[in-house]
Each structure stands twice: as structure tokens, then as C-alpha cells.
Amino acid sequence: MISLLLLLVIPLIGSAVVLLLRRIEDNLIEYVVETFVFLTVAIFLLSLLTGFSSFAFPILPLIKFNLALSLNGISLPFLLIAVLVPIFALLPAHKEIKDEKSTFYSLFLLIYAMIIGIFISSDILLLFIFLEITLVSMFFLIYLFGEKETRAKASVEFLIFTQLGSLAILAAFALLFSSTGSFALSSISSSHVSFFDSIIILSLMIFAAMIESPVFPLHVWVTDAYDSSPTPIVILLSALVSRLGLYFLLLIGFLSLSSTFTVFQPLMWIGVLSVFYLAFVAMAQSRFKRMAIYSSALYASLAFVGVMSGNSTAIYGSIFLMVSYSFITSAVFLIAGDLKSLNGTDDMTFIRGLLSSSPHLSFFLFVFLLASLGLPGFSNFIGEFVTLLGIYTVSPWFLVTLAALLIVTAFYLNALKRLAFGRSIKGIRDIPRTEIVNLSFLAFIIILLGILPSLLFNIVGLGI
Amino acid sequence: MIALILIPMLVSMILVPFFKGRKKLAFISISASFLSFLISLYFLLIGYSSTQSITWFTIGSYAFSLSLTASRIGMLMAVFVSFISTMVLIFSPFYMKKDGTRRYYFEISLFIFSMLGMVLSSSLLLFYIFWELISITSYLLIGFYHQKERSSQAARKALMMTRIGDFSLLSAMILLFSALKTFSIPLILSSISFLSPSFLSLVSVLIFIAALAKSAQFPFYVWLPDAMEAPTTVTALLHSSTMITSGAFLMILFSKLILSTTIPVLVIAISFLTIFVSILLALKERDSKRLMAYSTIESMGFIFLAVSTGSVNGGLFYLFSHGIFKAASLLLIGELIIWFGTRDIYKLKRIGIRNNSTFIPMLIAVLSLSAIPPFIGFFAHSAFTYDFNLYEQVLFVIISFLTALFAFRFLFIAYRDRTSMQIKRGIYQKIPIWTLVILMLLGGFSLFVIQKIILIPYSFDPFILVCAAVSAIGAYLAYRMFYINDTTFEGVNGLFGRFTYDNMLSSIGKSFYAASRGVSVIDDRFVGAYGSIGFGAINLSYFGRRLQNGDVGFYIDILLVGFVVLLAILAVIVL
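Residue numbers (our numbering), protein chains in the order written: chain A, 1 to 464; chain B, 1001 to 1575.
Chain B on its own, in the form it takes in the complex (with noise of 0.2 Å):
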């Protein structure tokens, strides 16, 4: 039953090699991801819970098996995947307009099928063929415009990047598969207590590195901005649902096990260094779709965060109430390509760009990013900063004072002057653009009511109330040097920046390069030095050929020679 969620993304793969038209190719994929969305809405409000499982193959007492179950969190997760696929595609037609359309769709569909199912997965094994399709998927979208340099260039970094997560993950995998026998997640999380500490920390280290690498965390974070040059859409989805997330929600869902551990001070402290780079990085940045992807990258490592204190609900809250924000803005953004043609805030801030309709969707995400109250932001902060600690929330007010900044700077750098243009969205964008901003003004209210399908602590306490006050500082501050002063304001370039750290990475990669060059040096010399007997064999033949020329007076003297070097030998030897 469970796998009926899966199916609609599934049918819509093979569907759309066989349609042609942008038309008919994006109702099928808004038709199936919709459908995905009211089976797995339904699902999770009758309660549904059960377990698929089936034995993919045996190998003497080994059973591999694959199984697909209905937990809450996974139900969740579902609800939540499908929605956000299902607005980025009814906004896909607007976005795209011209090329390779069935190739998008196909493609998209093989990335929301992913990610569905491997929320829904309970096997390790199953969990893992879902998110290497998941790297792969981003990989060949994020490639998607394959003529530009840069998008090939970014592809590939992020696959690159990704694949060292994966093979992590791979090894957690065998490691645990080793010692329990069992792929299944529950199973692995209830034997918790049967393992040594060090193995634990071991697995813990590992499926942290996984999680790191795939939601771009310092220090596998340089990705990310590069894979902008995707299509903006598959951006929005990247970020908000799919493969960022995916490595937020395998902390969530492995967060018994290393809470069990003493690495989450490790995943603090890397989740800060984190935030505080990428804040910087954000302070900075021209590209509007660059900056969003630092405010992610920092979003990610507030997950990570709260998971490592031990509100892992709250963290699942906030992820959710991320993907809708970050989705929002970005479809934004999106918007303001396809009219402006630019994603640089200060020519943005020259053609002038705002009225109503553009700016106030923004305000509201932006809103929402820097956690003002009533927005959904502000609630889901007070979810994940429910456990932190006094250090742990000196820290965090700091860092709210910097997102509202940076958040700030962006709006009002780009929305400064008003638009003379008349803008009409269409229906394509209406929809998922105001769904969002509904969300955003009112989803933060869900708090109270999903603690009925999971418990989430929270609390209004002094602590988030100076962190709102810090951020409506923050917004302020930036309104005074960017909107009245029109500062322009560098930021720290640093040691994180585009040019230094990312260059550092490159140069690991061409080091690895100019070793394989100098081994394959020795190869070809050690080849060449093989080659030789094939040569000297082939002399030697000939050597051998002239020796018999038929000439009975040769083999004569030959054979004299002989007989004298025989006799020289046994005199040798006999005396």
C-alpha cells in the first residue's frame, strides 16, 4: 500500500519519453506529483502505518532486503516532498520556456520519485539506492544547461563533492550490516545498545561526513553556490526538498544513534563554524541566487544543529518550514530572471523593480528567513533552539542578528527603486507563489497543531524573543545602510571566499592529477620496458632465422664451434 505514493512520480518517468508539447508534459508531472500529495496527506491523516518488506536477493545466510514503511516522520516527510515538488512544477512551465523540456520533466520526476522514496525507505539498502539516485539525479540537473562551461564545471564539482558522502554512507552501511546483519533502520536504532562505544562513534562519524556532504555543510559547502547554474526551478527544488535535505533528514533519522555518542560536539561546533562562513559569504554576495544558496547552506547547519542539542523534532519543523520559505523565494527569483534577464542585485537595484506584487511575496520569505514574529520562521526557531544551552544561545543571537542582516541587505538592495514595468503573473505562477505566501503568514500555527502526529517542545522563553528583537535590529540596520545610505557594503572576503577556499579544494583535485600523471609516467616507462622483449623476441627470431640459411658449410662451422665449446666446458669441469 505504502509504495502507492511512489507510483504516480514512477509512471510519470516512463510517461514522458512518449509526450511531446511543454503542455502535456507538465500535467502529467503536476497530475502525478499531486496525486503523490493527496495519497500520502491521506495516509498520514487516517494514521496509516504499516511495513512493505521483500527479500531483493540472498547470499549463503545473508538476506538482503528491501523494505518501504509508513513511520510519522516519513509520512511527514512524504507530505511535505510532494507539496513542494508539486508547486515548483506547476511554476515549471512559466520558467521553462524553450529547450529540453521532456528531458526536464523526465528528470524531475526520477529526482521527486527519489526523494519520495527514500523518506519512505526503512532498509539502510534501499535508503542508500535512494540517495546515490538522488546524487546522481541532482548531478545531471544540475548539468542540465550542458552547453555553458560553468554548468558542466558545476555538475560535476557536485557530484564529486556528493560522491565522498556517499561512499561514507556506504561504508556506515557495511559496517553496520556487519555487525547486526540486518539493513533494517528500526532494528539498527533498537540494537543501539549491543555495539561497542568506539564502533558507534565510528558509524556516527560516518553517516555525519554523509549528511555533510550532501547538505553542503563546511567543509563540502563550495558545491552548492557553483550549482546554481541549474535551471531555477530545479534550485528551488534542490534546496527546499530533495537533495539538501536529504542529508539534514538522515541526521534526523540516524539522531538516536549519534545522540548516543559524543560526537554531537563535534557536529556543533562544525554546524557553527558552518553558519558563521556562510553568513559571511552571504554578506558579500551580488548573485541573488548565490546568496540564497549560503542562507541554505546556514539554514542546513541550524538542522544539524538541533539535532546534535536534541530537539530532532524541531529540527524536522524547521526543515519544513525552510523548503516552504526558501521555495518561495526562490520561484521568486526565478520570476525576476525571466523579466529582468539578471540575477545581480545591484542591476537589479538599477532597472528598479519594485511594486506590490513583486515585493511583498519577498518581504514576507525574507521575513520568514530572519525568524520575525508571526511568520513561519519565528516559530520554527523556537522549536530547534528549544535545548540549546547558555553558549549555544549567546551564539545563536549573534548569528540572528547577521541572517536579518544579510537577509535585509538583499531586499532592499534589489527592491529599492520601483518598477515603471507592468507585471502580470499568469497562472502558472499565481498559484504556487500565493499557496506559499499563505503558508508563510499562517503555517507557523501548525506547531500547535502537529504535536497530534509528533511531539515537538517549544517555548516562547526570553531567549527567542531577544533573538526576534536582535533580528528586527538587523532589518533595521540594514534598512538604514542600504535602503537610506545605499552603502556598498563588501563584507569580510576572507578565508572561506570564492577564491581562496574553493581554490585550495581545486588545487587538491589537481594534485591528484599531476600524481596520475606521474604514475602513468611510470607506467609507460615500465610498459615500454615489457615492450622491449616483445622487440627483442622478435629480434631474437630473426637472429635465430639467419642462423639457418641452408649453407652446409655454416652449419659446419657452427657445429665445430660447438663441439670445441662442449670440450671447453668438461675440461672446465673435470678439472
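If we strip away everything but chain A, and leave its shape as in the complex, we get (with noise of 0.2 Å):
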């Protein structure tokens, strides 16, 4: 048995000391990070076999505020992405980011660690608080290291809607204290909620949800913020802080006041509409990197509808399929990152003949658009197919959400003909090994996750 603490506690020993290292060695960060995100991988791998021991620790007896970490039934996926996820930001992070490193890698493993704690604690105001260091943290990142033109917009376009989504998520834990007189996880899932306080609570997380998904019409912050950013804070964004909402969702909404979640099932109507604007939308991209971004959203929005169903296999769906997504749209921005550097553009229009001149990366793009189009063998098929099959129980017509996924294919073949066929341009070179490895390992887990998605099942129990 390990303690949940570790995870959370190396993470944070880690920004220390980045922070302490700037003033002696600007080399040596690098070498810091990476040992202290693999030391937590390898706590958290370790712990996966042996166990993981709960903590608790009582911060103001008054209100009966403790700094209590344990997992819930639907914990270990999420813990899974979170910490696996940040490893194939760090290649990214050391081309991109040249100046002020120590600031990046300390706010880098300060995320780290609390999203970690999000996903681990079991007590509602240490998550709220693990939420808005979260994105106080990112803010910062985009602001001082997102591209220099739009980054002071896109940086307060995030602050505003996020906050916006913390203020409801903070609104809702408050009334969840006043009816419910806990902090905790467990007795608020045991005791007794009122019709009409719990329509209020579960209206706020929707909200908050929609806002950080993002679900349309909250999505517009995603499309500067994201864009703005460089790839390593898109992959925390992107397969992270997007999950954060739905997470949430699932624990209050579906786990814990399940006799009221399922009047809001009239709202995957939202989700559908908002699968088939952003495919659209998608679909008119001629920029590689804002057509992941609005893919990503995508899928974020389709496991949205999962989720809202209230079913539980679609819920085992949406889990799956977020995990999954978060995975692939890692490996999709490393790809558009790719792009840029080696054409210095990722403009679709003046790029082609990838598969000719650079083999490998163009490899990697057939393997993970196609796994996002839901090819079998691949994570996405399981996610979607499974989220497919429980919304059709709930209605049949659902399944027009089919008919977006078409328009998805339609503009994913649409890129790889764009890029990888066609005659090469000269002088394009391939990725560098270290990429290779590093879209290899991603490419290694979302096969894993296709064949053998009970792995993933398994770790996964509806119940606090």
C-alpha cells in the first residue's frame, strides 16, 4: 500500500525545487522535471499493483475541512490520464520553451501535482481549491509563454470563463454544505439532498461543465486560448483541464444526486448540437492546429452527451472515450507542433507530400486521425461505439450523432489528402527520433487501450 500523498506531495517537492534551482544551474531543470514526473509515474505504477492507501488530515475541524485523499469508483481512469498525460508534454515543452524556464517547469509541476489532487481527494472544498490553483496556474502559463500577439487576449478570455465556471462550481458546493452540512464526498452521496436545491447544484456544475469541456455555445474561450498556447500547455488543456468539468459532473451529478441528474437529460440535445457545430466548424479549418482544436472539443462534447444521459453504459462510454481522446488529441498537437517546425507553418494549403518526404511523421498522422475517425483496433472505436449504444437506449434518435462523425471523416481524409499525398515539397525533413518515440508510446497506449479495453473498464466502479 502507498499513500495517495506521495503523488501529490513529489510533484510539488519537484516546483520547489526548480524554483530554488534558478539561481545555480539553467541546464539542470530539465534533468529535474523529468526525474520528478517519472518518479511520480513509477509511485503511481508501483501503487497501481500494490494498492493505494487513503489520508486524511484535518485542516479546520470548525467546518470540518480535511485535506482527505482517497478514490471514488470512477477516480482511477482520470488519475491515469493525469498522470501519464503531462510525460509527452515535457519533449515538446524542452523545443518550445527557451527563456524563463524554472517559471514554466514550476507552474508545469504545480499543475501536475494539483490535478492529481483533483482527481484524488474526496473532499470537495480541497477540490475546489485544487481547481483554482489549476487554472490561476494556467493562466499564468498561457500569458507569459502563448504566442506574443494574442496572448494577453486569449490569456484573460480563459481567466473570464473559466472563473466563471469555478464561481458556479464554488456556488454549488456551498449550497451542497448548507443541505448537506459536509465537506466530504461520502456523506454528501449518503444524505438526503432537497428536489429544489439539488435542480440549483446540478444546474451550476452543468454549467461549469459546458464552460470547461467545452460544450457549445460556451466553447469560444478554447479556440484563442488554445491557439495562443504553445503545445505542451495545449496538451494539458486539451486532454487535462477539459476533463476537469465533466469529472465533476459525474461525482456530484451522476454518482451523487442521481435521482434528480436524469431530469436534465432533455440537455444531450445540447451536446448533439454542439457535435455538429464544431464538426462544421472543423471542417471549414484550413490551419491544422485549429482543426484538432475544434476536434477536440468534439469529442468532448460527444462524451458530454454520454454523460448527461444518465445511463450507465453510456457513462462507461464517455470515460472510456475521454481517456481515449485524451491520448490521441496529445498525440494530434504534438503532430500539429510537428508541422510547424518542420514547414513553419501548419497551414494545410501550402503543405503536401508528407508521405514522400517525411515518412515517419506522416505514419504517425494516418494512425492517430484515423484512430480518431474510430477505427477498430484503436481506443476511440471502444469509446465511441460504447457511448453509441447507451444513448441509443435512451432514444433511438441519437444516433443522428452518427451523421457528425461522418461530416468528421469527411474532413479528416480531407487533411491527410491535403498533406500526406500528393508530390513533396523539397526540403522538408523528417521528425527527429526523440518524436518518434515519444508519438510511439502514445500510439503503444491507444493500441493497448483498442485491444484490450478491459483494462480500463475494469479500474473503473460506478460508486463514491
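It is possible that part of the hints are untrue.
[Claimed, not checked] Cross-link-like lysine to aspartate or glutamate pairs, in silico, EDC-like; alpha carbons within 20 Å at most:
| # | chain 1 | residue 1 | chain 2 | residue 2 |
| --- | --- | --- | --- | --- |
| 1 | A | K417 | B | E1149 |
| 2 | A | K289 | A | D197 |
| 3 | B | K1510 | B | E1149 |
| 4 | B | K1347 | B | D1287 |
| 5 | A | K153 | B | D1524 |
| 6 | A | K426 | B | E1149 |
| 7 | A | K289 | B | D1524 |
| 8 | A | K95 | A | E34 |
| 9 | A | K98 | A | D197 |
| 10 | A | K340 | A | E147 |
| 11 | A | K98 | A | D26 |
| 12 | A | K95 | A | E147 |
It should be emphasised that the hints constitute simulated quantities derived from the structure, not laboratory data. As the structure is a computational prediction, the values presented were derived from the model and not from experiment.
Build the complex: two chains, separate frames, hints provided.
Set out below in C-alpha cells:
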């Protein structure tokens, strides 16, 4: 048994060490960060075998506020992405971040710790504090390291929107506390909340989830924030931060207030609308990164549809889809970064013939785009299929979502045709070996999950 | 045990990336597919039957299970697929001389693996997985010459069209699983009676659409002629035994379900439409490979007709015979491309290509296609037209005539003049071509032998003899028109030609893009509007900073103003 506290503390120590190192040795920082990240991963993998032990420490006994860490039924899949995905952000960070390394990496490790903390804390006030630290640190990362022209606007938009979401979550948590008298998840889920209160709480939580996922019409902050950020930050945003809202919704809505949750089933249609809308917008993009931004939002909306259904099959599917797409979206943004560094632009009208000029890059392009299309053998197929199976039982009409996935096929195939096929442009190189290793690991994970989905399904239990 | 048939191709897929050299790669894949052929033939002959099943994963009470089974139809298909694949792979070293051989052998191994997996799977989920893999591999193979603009377009078109069918099959699977809580195909087919007729009709329509898209039937047929950009060996495989036939196989597999509804009427109507459209297009086509594509579309229409009129096993037999003569004719066209460097039949005529060794195999293939006795096509026609009613028979007589006309038009134009070139076939060509020729000559008689495995009703009644006679007349007319008189026959351009129907479909696609641009403009406005919130906040903060400038006098002014405003508000409330 390994204490969950270690998962939280090690990255935090790392963050502090990086800050202390800034005056002594600048070149050492990356090694230190890698050491701390891999230490955390090693502990996580080890404790998957030996088991996790909970931790509790009273902070404010007056309001029964504890530093309480324990796993609930849906923690593990999310903890998996929270621990693993940032590894893949290290390589692009190494390439793209040249100045102010210590600031970047200490914030990076802070966010790493806080997101892990969110998925293991069993006290909602603690959860909120972790969320706030994550979002504010994220704001600073975008503001300090985003693209020069757009970063001020993008970061402020990000801050305003996510703070609006946090405000809603805070209000919902306060209301939960006032009607149950506790911040502990276990006692919240077992106590009775009046119908009226739970309607308000859930409305606020859904609002926050729609901002963070993001779901149309609250997706507008995403374009600027993602587009302006460098690759490592986009990976954190799209693979981890975008999962937080739905995680809270599952935790509070589906697992704690399940009787009222089904009242909101009609909101599934907003998710479906969002899938269609984002598919259309993604189709019109000529830049690869922007297309990737909209398609990552699209799959988050699909997961939103699954979560809102309140149907347990669909929720299993959505959790799988979220985990699977976190890995795929990381890879797609890595590829977007490579396209930009190799060609000087990621505008698809100016790139062609990658199959001839950079065979390795185009191999991964095919793997990850076809994987997102739901090719069997890759993880997304399972996620999409199980989600669709679940939402079909709510209403057969939800199968219209498949039409949106047809549009997704259209624009992915178009992207492949523009980028990979055709005569190559002279002087374009292939991706370096380190990048191949990075992408291969991601491919390995999505193939592993695609072939042995029970690995993931077995660690999910729909209960607190 | 049944998985033994699949393992060789899987091994070949894994080995291919580690080897270099055309000969070695060809050897690996040929021996793999030949091994599959031997194993499946052995299983078929000893009458092996078993089911292998595993539970892939479970969610709540739902078990997602995968299973392979050795049903008779499945085993016959496995023998057929592995046989044709072996033939095509033996031919491959001759055709694929230069580029990207490793990619070629990897993708083609995956292609054969998926097809073998599909015909053997008895769980709908596993069936769908292989079905989808076939779509994707054929996308990769059609786009094999990736530097050519046309092949990249053809690949995109093919996958886009077949994805419609894939999603249709996915919906059918979701419907069936939700109703019956099982993926097992035999179980689904045996519980038809528990389902409501309207539900069954819906499922049948979805399965039918999936088969239409995959088998390139109307209204999806446009992708197949363009798919000719693939290497000719791939085309031969795609037409005769894998991609295209998978749609027809789906119809055969679910024939019991489809025949229990009223959908067959619709199937018959669409099949006749497909057949006539493809004949009209074939009659004027100059490109030999595209012409073969139209012929394949027509032949798949025959199988759909057979299934919907009830001669399911007859349809299966036609599928086999079509595979044999279509593989033969495409391999022969592949030779012409390598030897003479063109696919255009009028250019071939100018060059002059006829001598005994080129002409005779193609003549036999065309005779088989036109169902003239005693070649294999004739026997297949007698089997699949067994249950036709009078109207269908009348239409079919016309079809027989037109089929012979376009098939012999191709033969008499392309092979009109003798060649002066010395042509010798190597061992890689001799084996597949002469094997297929022998099968076309004698394979028809297997109709009498195959009855021991599955029952195929057939009859050599006056109708089928009339068809054969009419075909002969068609052939003679083609001889008069194109060999003696050298007519240039432009055929009917019509509604369904490349420049009307095709353009209509692509304009649908383009309209989607236009719509997407519209939505995107709206989204930009939307994002812009919210973005001004961001700017507003920044400006407000600058304004706020100006307020706190440390000037005490300014503070006092503000204080006074605020006080007055407060007083005014109070006054308003009190009064």
C-alpha cells in the first residue's frame, strides 16, 4: 500500500526545487523535472500493483475541512491520464520553451500536482482549491508563454470563462455544504438533498462543465486560448483541464444526486447540437492546429452527451472516450507542433506530399487521424461505440450523432489528402528520433486500450 | 482451431516490415496465403465445425463477445478468398517491380487477413471490426500511388462512400444488440420471430445500405471506377474476393433476416437499376479497367438480385465464379498495362496486341462473363436465376444480351489487331493465369460437386438457354459492329455518366463545405464577440489603474462625487 499523499507531494517538491535551482544552474532544470515526473509515474504504477492507501488530515475542524485523499469509483481512469499525459508534454516543452524555464517548469509541476490532487481528493472544498490553483497557474502559463500577439487576449478570455465556471462550482459546493453539512464526498452522497436544491446545484455544475469541456455555446474561449498556447500547454489544456468539468459532474451529479440527474436528460440535445456545430466549424479550418482544436472540443461534447444521459453504459463509454481521446488529442497536437516546426506553418494549403518527404510523420498522422475516426483496434472505437450504444437506449434518435461523425470523416480525410498525398516539397525533413519515440508510446497506449479495453473498464466502478 | 486460418496472414503482416527485397517479401506473403488456403481447404474437406468464442469486455450485464465459427458458407468463402489471394500474390512480383513494395505487401496482407476474419466471424461485433478494417485498408491501397492527384482523390472518395455504409451497419448492430442483448449472428437469425416487423424492416434497410455502399451499388457506385487508380493486382483482389464482395457476403449472411421482411422488393428494384446503369456506362467506356469496374458493379447487382429472390446459395456460387473470371480478366489487363503501357482500349487497338497467348485467356474470361456454356458463368447463371419470376426473367434476357454486347465490344476493340511483339510469360504470370483459365473452363462442373457441402438449386430450363442464346447473339452483334465494321459506339451518356451523377455527388460534398464555411464565419463572430469581453476586461483594468494614481486631491474629488451620488439615490428612495 502506497499513500496517495506521495502522488501529490512529489510533484510539489519538484516545483519548489525548480524554483530554487533557478539561480544555480539553468541547464539542470529539465533533468530535475523529468526525474520528478518519472518518479511520480513510477509510484503510480507501483501503487496500481500494491494498492493505494487513503490519507486524511484535519485542516479546519470547525467546518470539518480535511485534507482527505482517497479514491472513488471513477478516480482511476482520470488519475491515469493525469499522471501519464504530462510525460508527453515534456518533449515539446524542451523544444519550445527557451526562456524563463524555471517559471515554466515550476508552474508545470504545480499544475501536475494539482490535477492529480483533483482526481484523488475526497473533500469538495479541497477539490475546489486544487481547481483554482490549476486554473490560475494555467492563466499564467498562457499569459507568459503564449504567442506574443494574441496571448494577452487569450489568457484573459481563459481566465474570465474558467473563473465563471469556478464561481458556479463554488456556489454549487456551498449549497451542497449548507444542505448536507459536510464537504466529504462520502457523506454528501449518502445524505438527502431536497429536489429544489439539487436542481440548482446541478444546473450550476452543468454550466461549469459546459464551459470547461467545452460545449457549444460556451466553447468560445477555447479557440484563442488553445491557439495561442505552445504545444505542451495545449496538451495540458485539451487532455486534462477539459476533463475536469465532466469529472465533477459525474462525481456530484451522477454519483451523488442521481435521482435528480435524469431530469437534465434533454440537455443531451445541446451536446448533439454542439457535436454538429463543432464538426462544421472544424471542417472549414485550413490550419491543422485549429482543426485539431475543434475536433478535440467535438469529442468532449460527445462525452458530454454520454454523461448527461445518466445511462450507466453511456457513462462507461464516455469515460473511456475521454481517456482515449486525451491520448489521441495529445498526439494530434504534437503532430501540429511538428508540422509547424518542419514547414514553418501548419496551414494545410501550403503543405503536401508528406508521405514522400517525411514518412515517419505521415505514418503517425495516419495512425492518429484514423484512430480518431474510430478505426477498430484503436481505443476510440470502443469509446464511441459504447457511448452510442448507451445513448441509443435513452432515445433512438440520438443515433443522428453518426451523421456528425461522417462530417468528421470528411474533414479528416481531406486533411490527410492535403498533407500526406501529392508531390513533396523540396527541403522538408522528417521528425527527429525523440519525437518518434514520444509518438510511438502514445500509439502503443491507444492500441493497447483498443485491443484490451477491459484494462480500463475494470478499474471503473460507478460508486463513491 | 479455426483461428489457424487467420494466423498465417497475421504472421506475414508482422514479418513484412523486417524484410527487404521484392522476392523475399513476395515469398513470405505467398506462402502465408497458400498456407491459409491449405488449412481452410482441409477444414472444409473434413467437415470441421466448431466455434471459438471469447468475452472481450463486459459492462454491467452486457457482454461484448467475439467469436469465430466454421460454418459451411464461411468455410467455402475462406477457401475461395485464400485461393484468389494466393493467385493475385503470385502475380504481384511481376506487376509490382519498383516502388514501396514493403508497404504494398503489408497492406495487402492486412487486407486478406481482414477479409478472412470477416467471413469466419460469427459475432456481429467482430464482423464489424473486420468490415471496417477492410474499408480502411482498401483506402490505403487505392491511395497507394500517393504522389498522383487522382489516386488520392479516389482513395478519399472510396472511404467517404463506404463510411456511410459502415455507419449504417454500426446502427444496425446497435439496434440488434439493444433488442436482443447478443452479438451472435446465428442467435440473431434464430430470434427473428420475436422482433416486430417494422423493427426488422428498419434493420434490413440499414444492412442493405451498408451492403450497397460496400459493393458499390447505386447510388454509391461512383467510387469503384475511380478506385482503378490502385495497382492492378489490388484491383483484382478488391473486385474478386475482398472489398466489393464483402457487401454481397453481408447480404448472403443476413438473407434470412432480409427475406423475412418486405424489403426484397426494394432490393430487386435497386439492383435492376444498378445493373442497367452500369451496362449503359460500360457500353461507352474506353478505359479497360473502368469498364471492368462497371462489369463488377453489374455482377454484384446479380448477387443482390439472387439474395432478394431467394436463391441465396446460387448467389454465393455466382460470387465464386465472378471472383474467378474477374480476377483472371484483371490480371490479364495488368499484363497489358505492363507490356503496352496503356489502359485505353482504342490505344491498345492501334498498338495491336493480339496473339494466341494474350487473346485466348481473355476470350475465355469474356465468355464466362457473358454466361455462354460451357464456361463457369453459365452454370452460375443457372443457379442464381432459379427463383426468378416472369418479369425478372424478361428483364434478365435483355441484360444478358447487353452484357455480352459490352463484354465483346471490349474484346473486339482491344484485341482487333495482331501484334508483332514477341510476348513471353514468366513463371509468376503462368501459374495464376493458367490456373484461373482451367477453373473458368472446368469450374462450372463443380456446381454438381458442391451440393455435398451446401445445397444449390439450379436448372437448365428453356429460360437459361434463351439467355445463353441471346448472349451469343450479343457477341455476334459485337463482332459485326466492332470487328468487321469498326463502329465507334458512343453509347448513352445519359444521366448517370461520370459528368452528371458524379458531379452531383461531389456538389453535395462541396455544399457541405460551403455550409461549414458559413458556420465557421458565424463562429468567428461569436468568438470575436466574446473576445471583446477579454479586451473589455483589460481596458477596464487600465481604467481602474488610472483611478488609483496616488493623488490625494483626486481621491477627495471622487469621494465627494460619490457622496453626492449616494445622497441623490437616498433622496430618490425616500421621496
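A quick look at each hint next to the structure:
{"no.": "1", "hint": "K417(A) / E1149(B)", "verdict": "9 Å, holds"}
{"no.": "2", "hint": "K289(A) / D197(A)", "verdict": "42 Å, violated"}
{"no.": "3", "hint": "K1510(B) / E1149(B)", "verdict": "18 Å, holds"}
{"no.": "4", "hint": "K1347(B) / D1287(B)", "verdict": "10 Å, holds"}
{"no.": "5", "hint": "K153(A) / D1524(B)", "verdict": "15 Å, holds"}
{"no.": "6", "hint": "K426(A) / E1149(B)", "verdict": "18 Å, holds"}
{"no.": "7", "hint": "K289(A) / D1524(B)", "verdict": "16 Å, holds"}
{"no.": "8", "hint": "K95(A) / E34(A)", "verdict": "14 Å, holds"}
{"no.": "9", "hint": "K98(A) / D197(A)", "verdict": "50 Å, violated"}
{"no.": "10", "hint": "K340(A) / E147(A)", "verdict": "13 Å, holds"}
{"no.": "11", "hint": "K98(A) / D26(A)", "verdict": "11 Å, holds"}
{"no.": "12", "hint": "K95(A) / E147(A)", "verdict": "15 Å, holds"}
Of the numbered hints listed earlier, those contradicted by the structure are 2 and 9.
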